[in-house]
Structures are given as structure tokens and as C-alpha cells.
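**Student:** Each chain is listed here by its residues.
Number of protein chains: 2
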Amino acid sequence: MAGVCSGMKQIYAIGIGLIGGSLAKDIKRLDPEVVIHGISRKEATLNEALALNLIDKKATLDDIHKADLVIVSIPVDATVALLPTILDKISDHTLVVDAGSTKEAICKSVEDHPKRRNFLAMHPIAGTEFSGPSAAIDNLFLGKTNIICEVEKTAFKLQEKALKLFEGIGMRMRYMHPVAHDKHIAYVSHLSHISSFMLGKTVIEKEKNERDIFDMASSGFASTVRLAKSSPEMWTPIFKQNKDNVIETLEEYINNLIQFKALMEGDNFEAVFKEMKDTNHIRDILNGII
Amino acid sequence: MAGVCSGMKQIYAIGIGLIGGSLAKDIKRLDPEVVIHGISRKEATLNEALALNLIDKKATLDDIHKADLVIVSIPVDATVALLPTILDKISDHTLVVDAGSTKEAICKSVEDHPKRRNFLAMHPIAGTEFSGPSAAIDNLFLGKTNIICEVEKTAFKLQEKALKLFEGIGMRMRYMHPVAHDKHIAYVSHLSHISSFMLGKTVIEKEKNERDIFDMASSGFASTVRLAKSSPEMWTPIFKQNKDNVIETLEEYINNLIQFKALMEGDNFEAVFKEMKDTNHIRDILNGII
Numbered sequence: 001m002a003g004v005c006s007g008m009k010q011i012y013a014i015g016i017g018l019i020g021g022s023l024a025k026d027i028k029r030l031d032p033e034v035v036i037h038g039i040s041r042k043e044a045t046l047n048e049a050l051a052l053n054l055i056d057k058k059a060t061l062d063d064i065h066k067a068d069l070v071i072v073s074i075p076v077d078a079t080v081a082l083l084p085t086i087l088d089k090i091s092d093h094t095l096v097v098d099a100g101s102t103k104e105a106i107c108k109s110v111e112d113h114p115k116r117r118n119f120l121a122m123h124p125i126a127g128t129e130f131s132g133p134s135a136a137i138d139n140l141f142l143g144k145t146n147i148i149c150e151v152e153k154t155a156f157k158l159q160e161k162a163l164k165l166f167e168g169i170g171m172r173m174r175y176m177h178p179v180a181h182d183k184h185i186a187y188v189s190h191l192s193h194i195s196s197f198m199l200g201k202t203v204i205e206k207e208k209n210e211r212d213i214f215d216m217a218s219s220g221f222a223s224t225v226r227l228a229k230s231s232p233e234m235w236t237p238i239f240k241q242n243k244d245n246v247i248e249t250l251e252e253y254i255n256n257l258i259q260f261k262a263l264m265e266g267d268n269f270e271a272v273f274k275e276m277k278d279t280n281h282i283r284d285i286l287n288g289i290i
Numbered sequence: 001m002a003g004v005c006s007g008m009k010q011i012y013a014i015g016i017g018l019i020g021g022s023l024a025k026d027i028k029r030l031d032p033e034v035v036i037h038g039i040s041r042k043e044a045t046l047n048e049a050l051a052l053n054l055i056d057k058k059a060t061l062d063d064i065h066k067a068d069l070v071i072v073s074i075p076v077d078a079t080v081a082l083l084p085t086i087l088d089k090i091s092d093h094t095l096v097v098d099a100g101s102t103k104e105a106i107c108k109s110v111e112d113h114p115k116r117r118n119f120l121a122m123h124p125i126a127g128t129e130f131s132g133p134s135a136a137i138d139n140l141f142l143g144k145t146n147i148i149c150e151v152e153k154t155a156f157k158l159q160e161k162a163l164k165l166f167e168g169i170g171m172r173m174r175y176m177h178p179v180a181h182d183k184h185i186a187y188v189s190h191l192s193h194i195s196s197f198m199l200g201k202t203v204i205e206k207e208k209n210e211r212d213i214f215d216m217a218s219s220g221f222a223s224t225v226r227l228a229k230s231s232p233e234m235w236t237p238i239f240k241q242n243k244d245n246v247i248e249t250l251e252e253y254i255n256n257l258i259q260f261k262a263l264m265e266g267d268n269f270e271a272v273f274k275e276m277k278d279t280n281h282i283r284d285i286l287n288g289i290i
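So the protein sequences, as listed, match chains A and B. Note that the first sequence covers residues 1 to 290 in our numbering. Note that the second sequence covers residues 1 to 290 in our numbering.
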């Protein structure tokens with residue numbers, strides 16, 4: 001069978017943690033002829049990725065003129081800083097994709113770059129609360145959504161190769177404006193990370209005796225607080241880049257909590273009931289999400 | 001082998017939803033000689049429980065003088081209202097246990113009852129976001145914690161039977177004062193339900209176009225908002241009974257969110273990073289929880 005990479009053989013993964021490493025695993029499995037080169041600021045990360053067989057070789061940015069495909073999966077502030085340099089260094093036929101959780105600043109960083117048409121901006125909505133090469137797993141992207149922004153700014157041939165690759169690893173594409181992406185993703189992803197971190201903080205602050213938390217905490221608590229295990233290195237730049245949207249969602253969330261508390265303080269438990277009943281509707285919305 | 005029920009044959013389950021139904025399943029599997037009688041306000045629930053083989057027979061409160069064991073798994077306001085009547089009706093040898101998520105009001109409701117020593121107050125910390133007989137599953141309690149309150153107020157023989165039963169279905173016992181239970185459980189269970197309901201509400205309010213939520217929402221969002229599927233019929237009385245503790249946790253949670261928002265507004269992303277880094281510590285705390 002023709003590989004999912006449409007003949008793109010030399011693949012450079014800049015960042016080989018949860019997302020970059022999982023992409024590398026899927027690509028290598030589905031298209032064994034590719035050579036995956038890993039690039040990272042940290043030598044230890046490269047060695048770990050090699051030991052885990054996520055990459056075939058170590059490389060540096062000075063090698064990417066040989067790349068058919070460059071996959072950028074690093075914190076979003078690093079992407080904004082590095083993307084113009086990456087485009088400077090690639091050849092005319094190279095496809096560059098990023099996997100950042102914000103899209104506006106990243107698209108803006110290369111909007112006037114002469115090689116803008118070599119870049120496809122995307123956000124594969126997949127992940128776990130873990131990070132680093134050891135977090136990479138097979139089939140992380142299977143059945144997940146890949147939000148693609150400004151697809152019209154990417155060269156036709158490279159669009160085609162990218163879509164074939166990401167369909168090949170099991171994703172469904174959705175197309176969106178970067179500004180709309182950042183606004184909606186603040187609600188369905190960024191806010192839930194903050195709610196989870198602050199829930200974890202509230203409980204840790206109160207419960208100095210951790211044995212008690214451990215013994216009394218249910219799987220429900222574990223589920224709600226799971227995202228508080230996420231990497232601050234990755235999430236701080238996301239909150240910074242998407243500051244205005246995230247603050248707006250936080251305000252609405254805080255107001256809803258304040259209102260719920262007021263209903264309880266006023267002993268209006270009929271309204272408390274109704275708040276929950278109305279929100280149960282989330283069941284139908286979530287039915288299609290794993 | 002001797003059954004987990006220590007010869008208690010006639011078991012009456014008052015309430016046969018997620019908790020009562022799952023207990024009935026485990027007991028029947030581990031001690032097939034028992035007869036499980038179901039009691040519910042709703043005939044439809046009884047019929048469903050019969051069809052699902054959760055119970056062997058339908059019964060009413062007037063039958064419980066024949067009970068060896070009565071398991072009360074109904075909303076906590078109904079438990080407070082009904083528990084004195086249940087104790088009125090049982091025989092001298094009957095063991096009564098409840099499974100409510102609050103303990104102070106329930107213990108208080110029978111503190112002076114002449115049959116107080118027939119009652120064991122407990123809170124098996126297990127569940128899912130589903131409810132009703134169809135939510136009952138095998139081994140829901142395996143490896144989970146069972147908080148037992150005021151154990152010293154239960155007759156020795158009945159303590160022994162209860163502990164043998166709940167150890168038999170795989171639970172580990174922890175002993176706590178009802179006031180301490182209600183205070184701690186507000187943090188590790190009740191608060192996370194509200195954070196989840198309000199997160200669901202915030203997103204639903206904003207995202208009228210549900211298809212967009214569905215497509216962009218990640219498994220992380222699904223995990224954080226999972227508890228917003230929970231039953232308002234069960235949770236409203238819990239929040240009412242544990243009002244003061246829950247309001248206290250909500251205040252602390254809201255303050256932490258407001259502070260996080262202020263850090264973002266002030267562009268103090270070093271502090272944002274630190275907040276998350278410090279809370280990552282939840283990883284170690286959660287390691288033992290499924």
C-alpha cells in the first residue's frame with residue numbers, strides 16, 4: 001500500500017513529547033519507510049526518544065533543509081518564536097505543520113513569510129495529562145478531531161499531503177478561522193484545565209493530611225481533577241497567548257459559581273435542582289466524545 | 001464457604017439504584033442463598049430491578065420486621081425522614097445500614113432511637129455519574145473506601161456482620177466522626193460536583209451551536225465535566241444537608257479562581273506557572289485512586 005506520508009520520507013519532529021512522540025509512533029507504524037529525525041533543546045529528551053524508538057536519528061535545526069515534513073510540537077510561545085526561522089530554513093517542497101493549542105498568534109507569526117504556503121496550522125484535539133517522550137502512545141489521534149486553520153493559505157499539494165496523512169492516522173478534519181478557534185477552545189479546553197487546577201489547589205490547601213484525601217477521594221474527584229496533573233511548561237504559554245478569551249470564560253465560570261453559592265445561601269434548593277437538571281443536558285452533548 | 005452475609009438471609013434493599021442495586025448484585029453473587037427484597041416508592045423502579053435480577057421479590061416497609069439486613073440507599077433527605085420509621089419496624093436482631101453521602105444529619109435523626117444499636121452509618125465512596133437500577137454494576141465497591149461513622153453506637157454483633165460483609169465485597173473500612181466526614185467529603189466529593197456542573201453550564205450557555213462543542217471538546221473536557229451528568233434528585237438533598245461545609249469549599253474555590261484570573265490580568269505568568277506547578281503535586285496524592 002502507498003504510505004500515509006505520500007512519499008514524504010525525511011520527517012523532522014521538533015519536539016518529541018506527548019504529541020510529537022505519538023505522531024511519530026503512528027507515522028512510523030503506518031509508513032515504515034520514513035526516517036524520523038528528532039530535534040529538541042534538551043539532549044536528554046532526544047536520548048529518551050531514541051531509546052523509546054520514537055525517532056530514528058537526532059538532528060538539529062540546521063538539518064531541516066533536507067526535510068519533506070516538519071512537525072512542530074513544542075510549547076506555543078516557542079512555536080511563535082521559532083516558526084519564522086523554520087520556514088527560513090526549509091526547502092521549497094517541505095510541508096511544515098504545528099500542533100499548538102492556540103492558533104491566532106502562531107498564524108500571525110508567519111502571515112507575511114515568503115514560505116507561508118509551506119505551512120499548515122492545525123490543532124489535533126487529543127492528549128492526556130502526561131508529557132515528555134514517555135507519554136507518547138499509539139493511536140492517540142484515532143477518531144479525534146483535527147482543527148485546521150487558514151487552510152487556503154497552504155499550497156494545494158501540501159494541503160493534500162497533510163490531509164492524507166492526518167486522515168491516515170484516523171483524524172477527522174474541521175476547518176476554522178484562528179480567531180474562532182481560540183475563542184471556542186478557551187471554553188472546551190483551556191477553562192477546564194483551570195477549573196481542574198484550582199480544584200486541586202483548593203483541596204490540597206485544605207487537606208494538609210493527605211492520607212485523608214487519598215482515602216476519601218472518589219473516582220469522581222480523580223476524574224474532575226485529572227487535568228491538574230498537566231504540564232505547566234505547556235499550559236502557561238497557552239494561557240498567555242489566549243489571555244483575553246480565557247479571562248472571559250473564567251469570568252463567566254466564576255459568576256456561575258457565585259450564583260450557585262447565592263442560591264444555596266438563600267436556601268433556594270429548587271433553583272439549585274434546576275441548575276443541575278438543565279446542565280444534565282451535557283450528557284447528550286458528550287455522548288460522542290470518548 | 002460461609003457466605004459474606006454471616007447467615008443474614010432476608011435482605012431488604014430500600015432504594016435499588018446505582019448504589020443499592022450494585023450492592024444487591026455483589027451480595028447475591030457472593031452469597032447466593034440470600035433473598036433480596038426490593039422496596040421503592042416507584043413501582044416502575046421495582047419492576048426494572050426485578051427484570052434486571054437485582055432483586056428477587058418486591059416488598060414494602062411493612063415487611064421489614066422479617067429482615068436480617070436492611071440496606072438504605074435513597075436520597076439523603078429521604079433517609080433522614082425514613083430512618084426512624086425503619087428502626088421502629090425492624091426486629092431486635094436486624095442490622096440496618098445506610099449509604100448516604102452525608103452523615104451528620106442521618107446520625108442525628110436516630111441518635112435517641114431505642115434501636116440505635118441496630119444501625120450502622122456508612123458512606124461507601126464509590127459510584128458513577130449514572131443512576132437508577134440500570135446503573136447497577138458488579139464490583140463497584142472493589143478496592144474502594146467505606147467510611148463508617150459512630151461505629152461504637154452499633155451493637156458488637158451487628159458491627160461484626162457489617163464489617164465482614166463489606167470486607168467481603170472488597171471494601172476497606174475507615175472510621176470517622178460524622179461531623180469530620182461531612183467537612184472532608186465536601187472537599188473531595190461535593191465541591192467537584194459543583195465545579196463540574198458549573199463548567200458544563202458555562203460551556204452550554206456560551207456554545208449554543210452544540211455541534212461545535214462536540215467537535216472541539218477533548219477527552220480532558222469530557223473527564224472534567226463528567227460529574228455534570230449526575231442526578232439532581234440525589235445531589236440537591238446532599239448540598240442542602242451539607243450546606244455550610246459546601247459553601248465554605250465553594251468560597252475557597254471561587255477565591256482561588258479569582259486570584260488566578262487576577263494573575264493573568266496582571267500578566268504575572270510566572271505566578272500562573274507556579275500555581276500550576278505547585279498543584280501538580282496532586283499526581284502523588286491521586287496515584288492510589290482509580
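You may find that some hints are simply not true.
Under the rule of at most 16 Å between Cα atoms (straight-line distance), these lysine to aspartate or glutamate pairs were calculated in the EDC-like manner [said to hold, decoys possible]:
no.	chain 1	residue 1	chain 2	residue 2
1	A	183	B	251
2	B	208	A	92
3	B	277	A	205
4	B	208	A	205
5	B	183	A	252
6	A	157	A	215
7	A	261	B	129
8	A	206	B	252
9	A	89	A	56
The hints are simulated quantities; they were obtained by calculation from the structure and are not laboratory data.
**Student:** Evaluate each hint against the coordinates.
**Tutor:** Consistency of the hints with the structure:
{"no.": "1", "hint": "A/183 <-> B/251", "in the structure": "violated, 28 Å"}
{"no.": "2", "hint": "B/208 <-> A/92", "in the structure": "violated, 43 Å"}
{"no.": "3", "hint": "B/277 <-> A/205", "in the structure": "holds, 14 Å"}
{"no.": "4", "hint": "B/208 <-> A/205", "in the structure": "violated, 36 Å"}
{"no.": "5", "hint": "B/183 <-> A/252", "in the structure": "violated, 28 Å"}
{"no.": "6", "hint": "A/157 <-> A/215", "in the structure": "violated, 56 Å"}
{"no.": "7", "hint": "A/261 <-> B/129", "in the structure": "violated, 22 Å"}
{"no.": "8", "hint": "A/206 <-> B/252", "in the structure": "holds, 9 Å"}
{"no.": "9", "hint": "A/89 <-> A/56", "in the structure": "violated, 21 Å"}
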